[in-house]
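Student: So the sequence shown is numbered by our numbering: it starts at 443 and just counts up by one.
It is worth saying that the hints were derived from the structure and are not from the lab. All figures in this text were calculated on a predicted structure; none of them were measured in a lab. Ideal Cβ placement from N, Cα and C applies to all residues, glycine included. Among the clues, some could well be false.
Said to hold, decoys possible - Here are the in silico distance ranges between beta carbons for each label pair: (1) Y651 to Q581: 22 to 32 Å; (2) K610 to L584: 15 to 25 Å; (3) A475 to T536: 17 to 27 Å; (4) K472 to N660: 39 to 49 Å; (5) N473 to T536: 42 to 52 Å; (6) D538 to L652: 23 to 33 Å; (7) R614 to K472: 47 to 57 Å; (8) K648 to L613: 20 to 30 Å; (9) K472 to D617: 45 to 55 Å; (10) K482 to D624: 24 to 34 Å; (11) R574 to P615: 16 to 26 Å; (12) S590 to Y651: 18 to 28 Å.
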Amino acid sequence: MLILILLLLFSTASYSATPFKYVLKEMQRKNYAYALVKLKKIKGTPNLMDRRYFLEAVCLTNLDDSKKAINRLKKIKNKFNGVDFELGKAFYFTGDFKKAKNYFKKSINQGYKKAQSYHYLGNSYFKQENFRAAKTSFQTLLTKTTPSKWVLQDTYYQIGSIHLEISKRELRPEDMKNILKDHVLTYFKKSLQISPESKVAREVRKKIYLVKTKYEIN
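Taking the hints into account, I'd like the entire structure generated from these sequences.
Tutor: Shown next, in the form of structure tokens:
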């Protein structure tokens, strides 16, 4: 994926001719700290430096240093597709969901990683407990994009969780069973079917057990 990103960024240069060749190999191996060391040695034109800052930000976000990632991305003088998406991710991981949402909306308008952008946008709304807006984002993801298996599995899980949270706030416990069966558990089961052994699936199983136990659902 990172090699494809770089090919898009360097429209006039072949991948093998760029100074980022070995950096990308390290990033694909998830050796982000080592890739950062290599990136710091790259000097050149403003456009070249913009690409360097972008890849440094990707590394820093993956190393859980989102504040530094934001700093790198803001150094970019001539923005290109991908910058707003990475800014959204960085702000999301710092907990600034308001700014994260703004950048993911820009990313969606640019047509860049639309499924992932809608996914992060939905999660940002969810974190702010704006569950109906979160639901709209996730449903748009399902109808207007082609998500990866991981994004699809988590999206079903999140929609189920949204129905659960709305029900808890708007219904009495004794009135919740039908909603839980028809919506919450249905979406949880859809999520499980995609990849039964994934990390998300383990969380879904826990949630199914808790819902069934608490609300006495067979």
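Student: Starting from the hint 39 to 49 Å, judge whether the C-beta atoms of K472 and N660 obey it.
Tutor: Since the Cβ atoms of K472 and N660 sit about 44 Å apart, the hinted range of 39 to 49 Å holds.
Student: Against the range 24 to 34 Å, how does the distance between the Cβ atoms of K482 and D624 compare: consistent or not?
Tutor: violated (55 Å)
Student: Do the Cβ positions of R574 and P615 conform to the proposed distance bound of 16 to 26 Å?
Tutor: holds (21 Å)
Student: Just tell me: holds or violated, for the beta carbon distance of N473 and T536 against 42 to 52 Å?
Tutor: violated (24 Å)
Student: 22 to 32 Å was suggested as the range; check whether the CB atoms of Y651 and Q581 agree with it.
Tutor: For Q581 against Y651, whose Cβ atoms are near 26 Å apart, the range 22 to 32 Å holds.
Student: Taking the CB of R614 and the CB of K472, does the distance hold inside 47 to 57 Å?
Tutor: The hint (47 to 57 Å, Cβ to Cβ) holds, given that R614 and K472 are roughly 48 Å apart.
Student: Using the beta carbons of K472 and D617, state whether their distance is inside 45 to 55 Å or not.
Tutor: holds (48 Å)
Student: In this structure, is the beta-carbon distance linking K610 and L584 contained in 15 to 25 Å?
Tutor: holds (23 Å)
Student: How does the Cβ-Cβ distance of K648 and L613 compare with 20 to 30 Å: does it lie in that range?
Tutor: Hint holds: Cβ distance 22 Å, inside 20 to 30 Å.
Student: Per the hint of 17 to 27 Å, is the separation of the Cβ atoms of A475 and T536 within bounds?
Tutor: holds (20 Å)
Student: Range hint 23 to 33 Å: satisfied by the CB atoms of D538 and L652?
Tutor: With Cβ atoms ~30 Å apart, the hint holds.
Student: Using the C-beta atoms of S590 and Y651, is the stated range 18 to 28 Å upheld?
Tutor: holds (27 Å)
Of the numbered hints listed earlier, those contradicted by the structure are 5 and 10.
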